[in-house]
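Trainee: Residue numbers (our numbering), protein chains in the order written: chain A, 109 to 438; chain B, 266 to 779.
Because the hints were derived from the structure by calculation, they are not lab data.
Given the structure is predicted, the values throughout are model-derived calculations rather than measurements.
From the three backbone atoms N, C-alpha and C, an ideal C-beta is built for every residue, glycine too.
Check the hints yourself; a few may be wrong.
As the list claims (entries may be wrong) - Below, a list of computed lysine to aspartate or glutamate pairs in the EDC-like style, where the Cα atoms sit at most 20 Å apart:
#: 1; chain 1: B; residue 1: K329; chain 2: A; residue 2: E384
#: 2; chain 1: B; residue 1: K712; chain 2: A; residue 2: E226
#: 3; chain 1: A; residue 1: K199; chain 2: A; residue 2: D209
#: 4; chain 1: B; residue 1: K420; chain 2: A; residue 2: D135
#: 5; chain 1: B; residue 1: K552; chain 2: B; residue 2: E650
#: 6; chain 1: B; residue 1: K329; chain 2: A; residue 2: E362
#: 7; chain 1: A; residue 1: K177; chain 2: B; residue 2: D731
#: 8; chain 1: B; residue 1: K608; chain 2: B; residue 2: E764
#: 9; chain 1: B; residue 1: K754; chain 2: A; residue 2: D135
#: 10; chain 1: A; residue 1: K136; chain 2: B; residue 2: D731
#: 11; chain 1: A; residue 1: K293; chain 2: A; residue 2: E202
#: 12; chain 1: B; residue 1: K298; chain 2: A; residue 2: E315
#: 13; chain 1: B; residue 1: K751; chain 2: A; residue 2: D209
#: 14; chain 1: B; residue 1: K298; chain 2: A; residue 2: E163
#: 15; chain 1: B; residue 1: K334; chain 2: A; residue 2: E202
#: 16; chain 1: A; residue 1: K199; chain 2: B; residue 2: E333
Claimed, not checked - Residues from chain B that keep clear of chain A, each with C-beta distances beyond 10 Å, as calculated:
#: 17; residue: M283
#: 18; residue: A288
#: 19; residue: A378
#: 20; residue: M383
#: 21; residue: F408
#: 22; residue: F493
#: 23; residue: Q496
#: 24; residue: E562
Unchecked claim - So the derived list for chain A, only partly shown, Cβ under 8 Å to chain B, looks like this:
#: 25; residue: N153
#: 26; residue: R197
#: 27; residue: E205
#: 28; residue: C263
#: 29; residue: S266
#: 30; residue: N382
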Amino acid sequence: MAIDLRTVSITPLRQTFGHLARRMGADKPASRYMEATMDLQPVENYHYRPTWEPEFDIFDQTRTKITMKDWYALKDPRQYYYGAWTLARGKMQEIAEGDFDLVDELGLAAAYPAAGKEEALKVFLPLRHVAWGSNLNKAYVSSYGYGIAISQAACYASMDQLGAAQYVSRLGLAFNDLDALAAAKTAWLEGAEWQELRRYVEDLMVEKDWYEVLIAQDFALEGLLYPLIYERYNEKLNAAYSPVFSMLTRFQREWFGETSKWMDSVLKATAADNAENKAQLAGWIKHWRERALKALQPVAVLAFGAEADAILDELVQNLNARAAKAGITL
Amino acid sequence: MDMKVAKKLGLKERYSLMTRDLAWDTTYQPMDKVFPQTTYEGIKIHDWDKWEDPFRLTMDAYWKYQAEKERKLYAILDGFNQNNGHLSVTDARYINVLKLFLGSTPPLELMAARGFSMMGRQMNGAGPRVACQMQAVDEYRHFQTQIHSISNYNKYYNGMDEFAHQQSRMWYLSDGKSFFDDAITAGPFEFMVAIGFAFEYVLTNILFVPFISGAAYNGDMAAMTVGFSAQSDEARHMTLGLECIKFMLEQDPDNLPIVQRWIDKWTWRGTRKLASVGMMMDYMLPKRIMSFKEAWEMYVEENGGALFKDLARYGITIPKCFGQTIEEKEHVTHQSWIGFYMKPQATPFHTWIPTPDEMDWLSEKYPNTFDKYYRPVLEFFDAQEKAGNRFDNKTAPMNCQVCVSTMKFNEPGDPMEMCFRESIYQGEKFHTCSDHCKEIFDNEPEKYVQTFISSHQVLQGNCEPDGTDVNAADFKPGQNMLDYWKLDKRALGDFNGSEDQKNFAAWREQATKN
Numbered sequence: 109m110a111i112d113l114r115t116v117s118i119t120p121l122r123q124t125f126g127h128l129a130r131r132m133g134a135d136k137p138a139s140r141y142m143e144a145t146m147d148l149q150p151v152e153n154y155h156y157r158p159t160w161e162p163e164f165d166i167f168d169q170t171r172t173k174i175t176m177k178d179w180y181a182l183k184d185p186r187q188y189y190y191g192a193w194t195l196a197r198g199k200m201q202e203i204a205e206g207d208f209d210l211v212d213e214l215g216l217a218a219a220y221p222a223a224g225k226e227e228a229l230k231v232f233l234p235l236r237h238v239a240w241g242s243n244l245n246k247a248y249v250s251s252y253g254y255g256i257a258i259s260q261a262a263c264y265a266s267m268d269q270l271g272a273a274q275y276v277s278r279l280g281l282a283f284n285d286l287d288a289l290a291a292a293k294t295a296w297l298e299g300a301e302w303q304e305l306r307r308y309v310e311d312l313m314v315e316k317d318w319y320e321v322l323i324a325q326d327f328a329l330e331g332l333l334y335p336l337i338y339e340r341y342n343e344k345l346n347a348a349y350s351p352v353f354s355m356l357t358r359f360q361r362e363w364f365g366e367t368s369k370w371m372d373s374v375l376k377a378t379a380a381d382n383a384e385n386k387a388q389l390a391g392w393i394k395h396w397r398e399r400a401l402k403a404l405q406p407v408a409v410l411a412f413g414a415e416a417d418a419i420l421d422e423l424v425q426n427l428n429a430r431a432a433k434a435g436i437t438l
Numbered sequence: 266m267d268m269k270v271a272k273k274l275g276l277k278e279r280y281s282l283m284t285r286d287l288a289w290d291t292t293y294q295p296m297d298k299v300f301p302q303t304t305y306e307g308i309k310i311h312d313w314d315k316w317e318d319p320f321r322l323t324m325d326a327y328w329k330y331q332a333e334k335e336r337k338l339y340a341i342l343d344g345f346n347q348n349n350g351h352l353s354v355t356d357a358r359y360i361n362v363l364k365l366f367l368g369s370t371p372p373l374e375l376m377a378a379r380g381f382s383m384m385g386r387q388m389n390g391a392g393p394r395v396a397c398q399m400q401a402v403d404e405y406r407h408f409q410t411q412i413h414s415i416s417n418y419n420k421y422y423n424g425m426d427e428f429a430h431q432q433s434r435m436w437y438l439s440d441g442k443s444f445f446d447d448a449i450t451a452g453p454f455e456f457m458v459a460i461g462f463a464f465e466y467v468l469t470n471i472l473f474v475p476f477i478s479g480a481a482y483n484g485d486m487a488a489m490t491v492g493f494s495a496q497s498d499e500a501r502h503m504t505l506g507l508e509c510i511k512f513m514l515e516q517d518p519d520n521l522p523i524v525q526r527w528i529d530k531w532t533w534r535g536t537r538k539l540a541s542v543g544m545m546m547d548y549m550l551p552k553r554i555m556s557f558k559e560a561w562e563m564y565v566e567e568n569g570g571a572l573f574k575d576l577a578r579y580g581i582t583i584p585k586c587f588g589q590t591i592e593e594k595e596h597v598t599h600q601s602w603i604g605f606y607m608k609p610q611a612t613p614f615h616t617w618i619p620t621p622d623e624m625d626w627l628s629e630k631y632p633n634t635f636d637k638y639y640r641p642v643l644e645f646f647d648a649q650e651k652a653g654n655r656f657d658n659k660t661a662p663m664n665c666q667v668c669v670s671t672m673k674f675n676e677p678g679d680p681m682e683m684c685f686r687e688s689i690y691q692g693e694k695f696h697t698c699s700d701h702c703k704e705i706f707d708n709e710p711e712k713y714v715q716t717f718i719s720s721h722q723v724l725q726g727n728c729e730p731d732g733t734d735v736n737a738a739d740f741k742p743g744q745n746m747l748d749y750w751k752l753d754k755r756a757l758g759d760f761n762g763s764e765d766q767k768n769f770a771a772w773r774e775q776a777t778k779n
């Protein structure tokens, strides 16, 4: 049946769902992000306790030391529900695909100077395992975090890191180098430069407080690692050779720029909720920042030689500035 | 020289490089501490590398396909909403299907999202972990697109506005909640059998096909498009569930009895959960697709039967409950609809007595049972309703301690006798609705004594609106159930005479006439 839109104007009985109207303080249309996120996780009347951790409810606020009056204050400034997220990533992958195709078409990888290639792959390729660890640690946050605001953002970030690990693997393949991938795995498992970083990632795999995992993985580690490699190291290679690595790691660079906005906003909302949160966050950031620094130091030396410490110092200042902006005094 | 090694990799090797080659065995922390959940259920896995990836989708391809699907889906939803698509459904009774669906399904998809995230963290093989993570993020898609497609209906019709609040409080939503709570609180392998296999593989067609086809048959393009768009995701989920069963069975012969017990349990739990889907097919769709009985024969008896034949080589036998489900397929939908009709003050959707034409359709589809057992009841209710004496059962129901259904199903072999079972645990008596639920209870009584049954909880003062003083001298439990549920009075009771009915008629008139 066809309905003539122009003649039909029907007054709705209500603009949105009850839980959203109460949240907004008025019955007005809600965004698709709000409809897909707010107040949806069950909070009461659970039937059974988990057989795997009977000390907790299925969803339990006490799985972290952080407390919130409203867990949905941890909302995503990007407003990523599944559709918005996957459209954004769809666009990024299209661009990445174009970059990989262009490098292949023009033979840019084959033309890359041999010395530069070896130097670069040594730094980039073990990072596929770091991203894989990040995928697992973010999956922990999305599994046991409280409320859909944090669980869905962590779920998307976890899948993003699987994507990042796969893009790094493709980077190795773009240089037609399965051997380099194998060598990178050995370096990750045994090479002295990588052991503190591997220890860091593995230690997070047994950390129980999901918010602490978020701070250690997303804020402290990635907050230093991504600018170190995907910004600074790329700049160095660009200047010395050609921008091929910058092209083939565009996804990771853009991802970090976008995702750190989410992280900062979540931190700010958490710190703003109460003074104990603020102190807890400061404590965690200090602890994990020092550990991340120790873990990244040998990698930075691998990438930058004598300049490593100066660059790390600068990146730590930037990280501290992000914390300060979120209202956290270190 | 350009060696083009990359292009020589086969799909399987390449996918392996993109997933399990990324993984390593941890050494700074012991593996059993990193993955602490995969041993306590008794399932023995000797070699996680033997896992066959059920599909090979890297994230770039995933984003590409899914972004295309989302673009199309939301364009259609926007168009449907702008054009007052809700007025193009067959008749306003159909909208009650959406109310039932919104309350019962997106909240469970959400639990699937959280549950599969847990699997995506806890499985200690890289292959299953990635597959589970991908299903987790898909499940976010499903509950969100379902809410988005029904959101516009909520603006015009009653009974949908408090689904988020009601998901953990409404008595009749307890069965679905207990189903998923049970799965997610079990160990990871049982979760995979419960949700990945029994629900997503054995029973998914009987849930999805009737709902999507029902939407298509009744002019609901929004829900239909969501369903069609989800189908390719579901195909992936089905292969994951099946692979998981095969993997467990191939790893160790000791796994067989455990897996068989789970298959028996979860096929039955799923069957109980699906009674309301059947009721939708037989009673709520103005334009029907087929009867529940026919759907059960096609999707469960034939397809499911073939599946279990296929699994016989591993020693798996057809679920114990199969015989009983075949007998019950001629009864459950009628019993469920009558059950809901009798509670006009307690659901956010409307009920009605089928029209004479619809009764004749039911007689034709259920030649063995409808005229004999159920038509007389419905005609009696109809006469009473017309005489101003509408039946209203105000008593609290008795519920099954396992599936939480209200006790309303019949004794096997005797449709005139209601079925009750009981077990004694630690000196207390617990009731179940069937032999199968009793067996589930008796296997794990320490779990099922925890079940949250609102007809019990209300008497303990646990089902009161926020701020109620249950210690006040004049406190009477259960006086404020409508407030506790946030149940809109306009959404209650009979469809005939409802605001929905009047509005739909007036709006359609306005939309189609000058």
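Trainee: Determine for every hint whether it applies to the structure shown.
Mentor: Going through the hints against the structure:
1. Distance hint between K329 of chain B and E384 of chain A is unfulfilled; the C-alpha atoms sit about 43 Å from each other, more than 20 Å.
2. For the proposed pair K712 of chain B and E226 of chain A, the alpha carbon gap of about 58 Å is over 20 Å, so the pair is violated.
3. Annotation: proposed proximity of K199 of chain A to D209 of chain A holds, straight-line Cα distance about 15 Å (limit 20 Å).
4. Taken as a hint, the K420 of chain B and D135 of chain A pair is honoured in the structure, with Cα atoms around 11 Å apart against an allowance of 20 Å.
5. Restraint check for K552 of chain B and E650 of chain B: the C-alpha separation of about 24 Å exceeds 20 Å, so the hint is violated.
6. Taking the CA atoms of K329 of chain B and E362 of chain A, the gap is about 17 Å. The hint holds against a cut of 20 Å.
7. At most 20 Å may separate the alpha-carbon atoms for a hinted pair to count; K177 of chain A and D731 of chain B meet this at roughly 16 Å.
8. Of the pairs offered as hints, the one joining K608 of chain B and E764 of chain B holds, with about 19 Å between alpha carbons and a cut-off of 20 Å not exceeded.
9. Between the alpha carbons of K754 of chain B and D135 of chain A the distance comes to roughly 19 Å, so the proposed pair stays at or under 20 Å and holds.
10. Only pairs whose Cα atoms come within 20 Å are accepted, and K136 of chain A paired with D731 of chain B is rejected, the gap being roughly 24 Å.
11. At roughly 28 Å between alpha-carbon atoms, K293 of chain A and E202 of chain A are farther apart than 20 Å, so this suggested pair is violated.
12. Between K298 of chain B and E315 of chain A the alpha-carbon distance is near 10 Å, which keeps this suggested pair within the 20 Å criterion.
13. A C-alpha spacing of about 56 Å is found between K751 of chain B and D209 of chain A, which places the hinted pair above 20 Å, so the restraint is violated.
14. For the proposed pair K298 of chain B and E163 of chain A, the alpha carbon gap of about 18 Å is at most 20 Å, so the pair holds.
15. Our distance criterion of 20 Å between C-alpha atoms is met by K334 of chain B and E202 of chain A, whose separation comes to about 15 Å.
16. Between the alpha carbons of K199 of chain A and E333 of chain B the distance comes to roughly 10 Å, so the proposed pair stays at or under 20 Å and holds.
17. Listed as a non-interface residue, M283 of chain B fails to keep its Cβ farther than 10 Å from every Cβ of chain A; the least gap is roughly 5 Å.
18. At roughly 6 Å, the least C-beta separation between A288 of chain B and chain A is not larger than 10 Å, which violates its mark as non-interface.
19. At the 10 Å boundary, the C-beta of A378 of chain B falls inside the reach of chain A, the nearest C-beta of that chain being 7 Å off.
20. The Cβ of M383 of chain B sits about 4 Å from the closest Cβ of chain A, inside the 10 Å cut-off, so the non-interface label is violated.
21. Not every C-beta of chain A lies more than 10 Å from that of F408 of chain B, the closest at about 7 Å, which undercuts listing it as non-interface.
22. Separation of F493 of chain B from chain A is adequate, the least Cβ-Cβ distance of about 16 Å exceeding the 10 Å criterion.
23. Even its closest Cβ contact with chain A, about 16 Å, leaves Q496 of chain B beyond 10 Å, as expected for a residue assigned away from the interface.
24. For E562 of chain B, the requirement that its beta carbon stay farther than 10 Å from each beta carbon of chain A is met, with the minimum near 32 Å.
25. Interface hint at N153 of chain A: satisfied, since its Cβ lies 4 Å from the closest Cβ of chain B, which is below the 8 Å cut-off.
26. The interface hint given for R197 of chain A holds, since its Cβ lies 4 Å from the closest Cβ of chain B, which is under the 8 Å cut-off.
27. Annotation: E205 of chain A was flagged as interfacial toward chain B, and the flag holds, the nearest CB pair being 7 Å apart, inside 8 Å.
28. The interface hint given for C263 of chain A holds, since its Cβ lies 6 Å from the closest Cβ of chain B, which is under the 8 Å cut-off.
29. For S266 of chain A, the interface hint holds, the least distance from its beta-carbon to any beta-carbon of chain B being 7 Å, beneath 8 Å.
30. With a cut of 8 Å, the hint placing N382 of chain A at the interface with chain B is violated, because the nearest CB-to-CB distance is about 22 Å.
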